[in-house]
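Engineer: These are the residues of each chain, in order.
There are 2 protein chains.
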Amino acid sequence: MIFESQTMNPDNIRIVLVNTDHPGNIGATARAMKNMGLKRLYLVEPQQYPAPEAVWRSASAADVLESAVVVDTLDEAIGDCQFIVGTSARERRIPWPLLDPRRCAGQVAANSAEQQVAILFGREDSGLTNEELQACNLHLHVPTSPDYASLNLAMAVQIVCYELRMLQVSQELPAEADHQWDAPFSTRENMERFYVHLEETLTDIEFLNPAAPRQLMPRLRRLYGRVRLDEMELNILRGILKETQKWARQAKGSSR
Amino acid sequence: MIFESQTMNPDNIRIVLVNTDHPGNIGATARAMKNMGLKRLYLVEPQQYPAPEAVWRSASAADVLESAVVVDTLDEAIGDCQFIVGTSARERRIPWPLLDPRRCAGQVAANSAEQQVAILFGREDSGLTNEELQACNLHLHVPTSPDYASLNLAMAVQIVCYELRMLQVSQELPAEADHQWDAPFSTRENMERFYVHLEETLTDIEFLNPAAPRQLMPRLRRLYGRVRLDEMELNILRGILKETQKWARQAKGSSR
Chain A
1 MIFESQTMNP DNIRIVLVNT DHPGNIGATA RAMKNMGLKR LYLVEPQQYP
51 APEAVWRSAS AADVLESAVV VDTLDEAIGD CQFIVGTSAR ERRIPWPLLD
101 PRRCAGQVAA NSAEQQVAIL FGREDSGLTN EELQACNLHL HVPTSPDYAS
151 LNLAMAVQIV CYELRMLQVS QELPAEADHQ WDAPFSTREN MERFYVHLEE
201 TLTDIEFLNP AAPRQLMPRL RRLYGRVRLD EMELNILRGI LKETQKWARQ
251 AKGSSR
Chain B
257 MIFESQTMNP DNIRIVLVNT DHPGNIGATA RAMKNMGLKR LYLVEPQQYP
307 APEAVWRSAS AADVLESAVV VDTLDEAIGD CQFIVGTSAR ERRIPWPLLD
357 PRRCAGQVAA NSAEQQVAIL FGREDSGLTN EELQACNLHL HVPTSPDYAS
407 LNLAMAVQIV CYELRMLQVS QELPAEADHQ WDAPFSTREN MERFYVHLEE
457 TLTDIEFLNP AAPRQLMPRL RRLYGRVRLD EMELNILRGI LKETQKWARQ
507 AKGSSR
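If you read the protein sequences in the order shown, they are chains A and B. Numbering-wise, this note's numbering puts 21 at position 21 of the first sequence, and it's gapless, one number per residue. To get this note's numbering, take the position in the second sequence, counting from 1, and add 256.
Fair warning: there could be bad hints in the mix.
[Unchecked claim] Just some of the chain A residues that point at chain B, by a computed CB distance under 8 Å: (1) Ala32; (2) Gly37; (3) Tyr148; (4) Gln180.
[Unchecked claim] Here are some chain B residues the structure puts well away from chain A; computed CB gaps all over 10 Å: (5) Arg358; (6) Pro440; (7) Phe441; (8) Glu456; (9) Ala468; (10) Leu485; (11) Glu487.
[Claimed, not checked] Derived CB-CB ranges, DEER-like: (12) Trp247/A <-> Glu387/B: 28 to 38 Å; (13) His179/A <-> Asn446/B: 50 to 60 Å; (14) Gln471/B <-> Asp178/A: 26 to 36 Å; (15) Gln48/A <-> Arg494/B: 46 to 56 Å; (16) Ser170/A <-> Asn386/B: 23 to 33 Å; (17) Ser382/B <-> Ile94/A: 28 to 38 Å; (18) Gln371/B <-> Ser170/A: 23 to 33 Å; (19) Trp247/A <-> Asp331/B: 24 to 34 Å.
Source of the hints: derived by calculation from the structure; they are not laboratory data. No residue lacks a Cβ here, since even glycine has one placed at the ideal position from N, Cα and C.
Using the sequences and the accompanying hints, generate a full structural model.
Structural biologist: What follows is the structure in structure tokens.
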């Protein structure tokens, strides 16, 4: 995976829509591609194109649409390609090499380093023909639910382009949810000072009875340990404790 | 990951669309969900709903649309949830716990085992408000291209639902492209017999000169070794060799 993500060249990857019926899907495909950093779109014999719906569904990816190459035959779209992937919805009579989008993205990325790669998407209703699929080195299948297996065309493009993007950037994505935090996380030392202050305050407001403390402090330690406080949060909480103590002491003073 | 995929309960996961503008996105969301095995859709204050476009964009996921829960406030949609994820397009002033769709799916799946989980998607133009995002335990960000970061709403739903589906099924997905092949792959023994037959035939047709064989056989061995022949393919090739030998011998006989 490291090798692949380092060598992937998005400029060597083209998305090929074959005989698309609905122009909205062409526009949505252009947007899906640009969102994921791809820009080479080929349209083989689109049924309604150009079309206004393609333009508005492409949103801010009109440039991808405008530079799309429209051709009459699949051969014109993939003639110069060295690695060809075809999306396949159903089992074929002759099994073909077949992978899911994630594993397929790995092969696409690796091959794109120094070769021209095409990913083919077929008609909305019937997909790619057997002949078109037999032009492919590898078939790709999205593991949809058996309850409803048929993906919208542009959604399938989105998933495949997303997997390529993840392959390219996933090394840089943080594994932890609390990366780039705005304050350093508290040290154990400061947490211990906080717990002392907390216990003192709870005693002051007579919520904690030192003679019968039960499991109160362990439960609060578990709570704040689970959340991992940062220094700013710790300061806020200690400020609240300080204020609380002040009011409690004042009240005790006035009632005496 | 193994733990998560074993315990994920799709019935405990709801997709919540907040204040959606375009009904087509609601329909496309229903389809994206059903394609990936999810069915619980909540619509908070949709701007145009019900709407015919939602129905036709849902295609064969009309059941998901029909059972969608339409409510006036976000609280009604997520009040009973124990783990809430919000999709976030941009950096927030106060950093929140944040993950990419893949890592987020892991947390959603694990929490869905025994808790109610909601995944929130905001408005087409402006996403979720800060207040809505602050209701979330975790934020989710799709790592789109900086050239065009704004995903279509239903596309974002598709990606997140796809990641959940992959988590559920990826253990079962074959790692190799040639799984479920229709014939066993050839043994080394049979490959060696084939190479002997191939060399013999190439000699018969005088393409190979045994006195100066050069690198012909090594190159052919590399070719067929790379492709890994199955037994059926091997039989086809040996049939071709046999027929070729017959014609070559016949021609030699007649020319004598």
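Engineer: Please go over all the hints and tell whether each is borne out by the structure.
Structural biologist: We went through each hint and held it up to the structure:
With a cut of 8 Å, the hint placing Ala32/A at the interface with chain B holds, because the nearest CB-to-CB distance is about 6 Å. Annotation: interface hint on Gly37/A holds; nearest CB of chain B at approximately 4 Å, less than 8 Å. Restraint check, Tyr148/A versus chain B: the minimum CB separation of about 4 Å is within 8 Å; hint holds. Proximity of Gln180/A to chain B holds as hinted, the smallest CB-CB distance being about 6 Å (cut-off 8 Å).
Not every CB of chain A lies more than 10 Å from the CB of Arg358/B, the least distance being 7 Å, so the non-interface label is violated. The beta carbon of Pro440/B sits about 13 Å from the closest Cβ of chain A, which is more than 10 Å, so the claim that it is off the interface holds. Distance to chain A confirms Phe441/B as a non-interface residue, since its nearest Cβ pair spans about 12 Å, more than 10 Å. For Glu456/B, the requirement that its beta carbon stay farther than 10 Å from each beta carbon of chain A is met, with the minimum near 29 Å.
Every CB of chain A lies more than 10 Å from the CB of Ala468/B, the least distance being 32 Å, so the non-interface label holds. Here Leu485/B stays apart from chain A, with its beta-carbon at least about 14 Å from theirs, past the 10 Å limit. At roughly 14 Å, the least C-beta separation between Glu487/B and chain A is larger than 10 Å, which holds for a residue marked as non-interface. Range check, Trp247/A to Glu387/B: Cβ separation about 30 Å, and the 28 to 38 Å hint holds.
A hinted range of 50 to 60 Å for the beta carbons of His179/A and Asn446/B is consistent with their spacing of about 55 Å. For the pair Gln471/B and Asp178/A, the beta carbons lie near 59 Å from each other, so the given range of 26 to 36 Å is not met. About 50 Å separates the C-beta atoms of Gln48/A and Arg494/B, a value consistent with the hinted range of 46 to 56 Å. For the pair Ser170/A and Asn386/B, the supplied restraint of 23 to 33 Å holds, since their beta-carbon distance comes to about 28 Å.
A hinted range of 28 to 38 Å is violated for the C-beta pair Ser382/B and Ile94/A, which are about 50 Å apart. Separated by about 27 Å at the C-beta atoms, Gln371/B and Ser170/A satisfy the suggested range of 23 to 33 Å. At roughly 32 Å, the beta carbons of Trp247/A and Asp331/B sit within the given window of 24 to 34 Å.
Against the hints set out earlier in the document, violations occur for numbers 5, 14, 17.
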